[in-house]
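Chains as they are written, first to last, in the numbering used here: chain A, 1 to 183; chain B, 184 to 375.
Among the clues, some could well be false.
Restraint ranges, calculated between C-beta atoms of paired labels, are given here [stated by the list, open to error]: (1) A:24 / B:195: 13 to 23 angstroms; (2) A:118 / B:317: 38 to 48 angstroms; (3) B:374 / A:147: 15 to 25 angstroms; (4) A:13 / B:300: 30 to 40 angstroms; (5) A:82 / B:338: 42 to 52 angstroms; (6) A:111 / B:370: 31 to 41 angstroms; (7) A:43 / B:338: 28 to 38 angstroms; (8) B:199 / A:125: 18 to 28 angstroms; (9) A:16 / B:264: 47 to 57 angstroms.
Anything over 12 angstroms on all C-beta distances counts as not near chain A; from chain B, calculated [said to hold, decoys possible]: (10) 234; (11) 257; (12) 272; (13) 278; (14) 279; (15) 295; (16) 330; (17) 332; (18) 341.
Hints in this document: simulated from the structure, not taken from any laboratory.
Positions of the beta carbon are idealized from the N, C-alpha and C atoms, including for glycine.
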Amino acid sequence: MIRLVLWLLGGVLLGGVVHLASVLLLPRTASQDAYSRLEAISPINTVAALPAPSPENDILPFMDPAFAVAVCRYDLTTAPLKLTTPVGQAYTSVSFYTRFGVAYYAINDRAAGRRIIELDLMTPEQRSELPEDEDVTAADRLIVESPTPTGLVVLRVLGPEPSAMAVARGVLAAARCRPNPQQ
Amino acid sequence: MRLVLGSLFAFLVAAGLGLGLTWLALSKGIAFGGVTVGAWTAWPKVGTSYIDPYARASVARTGQLPIGSGDGIAFFARADDEARLFDGRCDVAVRGTTPPARFWTLTLHAPDGRLVANSVNRYGFTSQEIVRRADGSFEIVIAPRARPGNWLPTGGVERYVLVMRLYDTPVGVATRTGGEALMPSIMRETCP
């Protein structure tokens with residue numbers, strides 16, 4: 001009897017380990033995460049507009065229908081990325097997500113302070129390889145470091161009313177993300 | 184023999200308990216660091232690199248992209264101020280004012296995050312669209328049938344979630360208690 005209780009106790013302790021391990025490993029095994037869902041419609045290192053969310057067609061859950069959204073699914077293994085987007089009349093934001101959906105950085109039009117948001121996205125290694133003198137001018141250059149070599153940039157432009165959605169989508173049509181090799 | 188049976192038993196208990204707990208935690212949507220204001224709850228850390236492992240697993244499983252904290256913050260409500268779960272057959276009024284933000288939107292989602300089909304294709308309001316009273320406060324009525332004023336249709340679904348997203352707002356990681364964030368009230372009006 002005591003032996004059984006001991007085995008049970010051991011099982012419960014091990015169960016705790018299994019629980020923690022499975023929670024920590026789940027993001028790496030999830031096949032339906034945002035990145036995987038977007039693979040079908042967004043080519044790598046290119047800005048792709050997402051269809052407006054509707055009851056029948058929701059690529060991602062809990063998307064705000066007041067926004068026109070485009071994504072750039074990036075891969076920095078060969079070169080850093082340059083991202084440019086004009087800003088909309090009302091509100092524009094650029095959010096960065098790791099391969100596993102962690103929002104590690106986001107900036108809006110007011111924080112960027114320009115009519116065009118321009119960013120360089122790179123891995124920490126690529127940043128450390130930047131020539132010294134370029135780093136000096138980095139003050140007026142927005143550099144974002146990605147913790148993972150792949151991930152998602154999500155561009156959102158608000159259409160404050162339904163009639164403004166077409167304009168918001170038009171703004172995103174001019175957004176670009178492209179590899180920007182360093183010399 | 185006893186050793187084999189015993190360890191097999193322990194492993195079965197471990198697997199059942201461990202995976203069961205994980206499933207329970209993720210299906211119940213356990214997350215830490217929630218800020219609750221009235222009926223509304225936000226998880227400011229979910230939009231940062233400091234997201235906790237449970238929220239991280241839940242984000243990966245559902246395919247969500249949480250709003251980054253430099254962008255804004257999302258407040259979720261599943262029930263009214265008296266903690267009654269939303270029922271799409273009832274009339275619910277969202278009244279009051281919102282915390283400071285450049286823009287906000289109020290959207291009705293199904294519990295799984297989809298939008299809810301309705302006859303007028305309205306899924307939410309933005310702060311620019313709504314009709315306000317003279318003092319700047321507003322009222323949005325969430326009801327299955329058309330109402331005058333700001334009407335957000337429920338499509339008659341049984342359960343739904345209201346999401347109020349504040350964009351370019353000081354509310355967020357700096358607001359740990361949520362004390363100064365004044366969210367609108369949610370009252371059930373009539374119910375068949």
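Status of the hints after comparison with the structure:
Residue 24 (chain A) and residue 195 (chain B) have their C-beta atoms about 22 angstroms apart, which keeps the hinted 13 to 23 angstroms range intact. The beta-carbon spacing between residue 118 (chain A) and residue 317 (chain B), approximately 43 angstroms, falls within the hinted interval of 38 to 48 angstroms. For residue 374 (chain B) and residue 147 (chain A), the hinted distance range of 15 to 25 angstroms is not satisfied, since their beta carbons lie about 48 angstroms from each other. The hinted range of 30 to 40 angstroms is not satisfied by residue 13 (chain A) and residue 300 (chain B), whose Cβ atoms lie roughly 48 angstroms apart.
For the hinted restraint 42 to 52 angstroms between residue 82 (chain A) and residue 338 (chain B), the CB-CB distance of approximately 43 angstroms keeps it satisfied. Range check, residue 111 (chain A) to residue 370 (chain B): about 36 angstroms between beta-carbon atoms, so the 31 to 41 angstroms window is met. Range check, residue 43 (chain A) to residue 338 (chain B): Cβ separation about 35 angstroms, and the 28 to 38 angstroms hint holds. The beta-carbon spacing between residue 199 (chain B) and residue 125 (chain A), approximately 43 angstroms, falls outside the hinted interval of 18 to 28 angstroms.
Hint check: residue 16 (chain A) to residue 264 (chain B), Cβ distance near 37 angstroms, so the stated range 47 to 57 angstroms is violated. A cut-off of 12 angstroms between C-beta atoms contradicts the statement that residue 234 (chain B) is not in contact with chain A; the least separation is 6 angstroms. The beta carbon of residue 257 (chain B) is not kept farther than 12 angstroms from every beta carbon of chain A, the shortest such distance being approximately 8 angstroms. The Cβ of residue 272 (chain B) sits about 18 angstroms from the closest Cβ of chain A, beyond the 12 angstroms cut-off, so the non-interface label holds.
With a cut of 12 angstroms on Cβ distances, residue 278 (chain B) stays outside the contact zone with chain A, its closest approach being about 21 angstroms. The claim that residue 279 (chain B) is not at the interface with chain A holds, since no C-beta of that chain comes within 12 angstroms of its own (minimum 20 angstroms). The beta carbon of residue 295 (chain B) sits about 6 angstroms from the closest Cβ of chain A, which is not more than 12 angstroms, so the claim that it is off the interface is violated. With a closest Cβ-Cβ approach of about 19 angstroms to chain A, residue 330 (chain B) is found to remain outside the 12 angstroms limit, as its non-interface label requires.
Listed as outside the interface, residue 332 (chain B) is consistent with that label: its C-beta sits roughly 16 angstroms from the nearest C-beta of chain A, beyond the 12 angstroms cut-off. With 12 angstroms as the threshold on Cβ separation, the claim that residue 341 (chain B) sits away from chain A holds: the shortest Cβ distance comes to roughly 15 angstroms.
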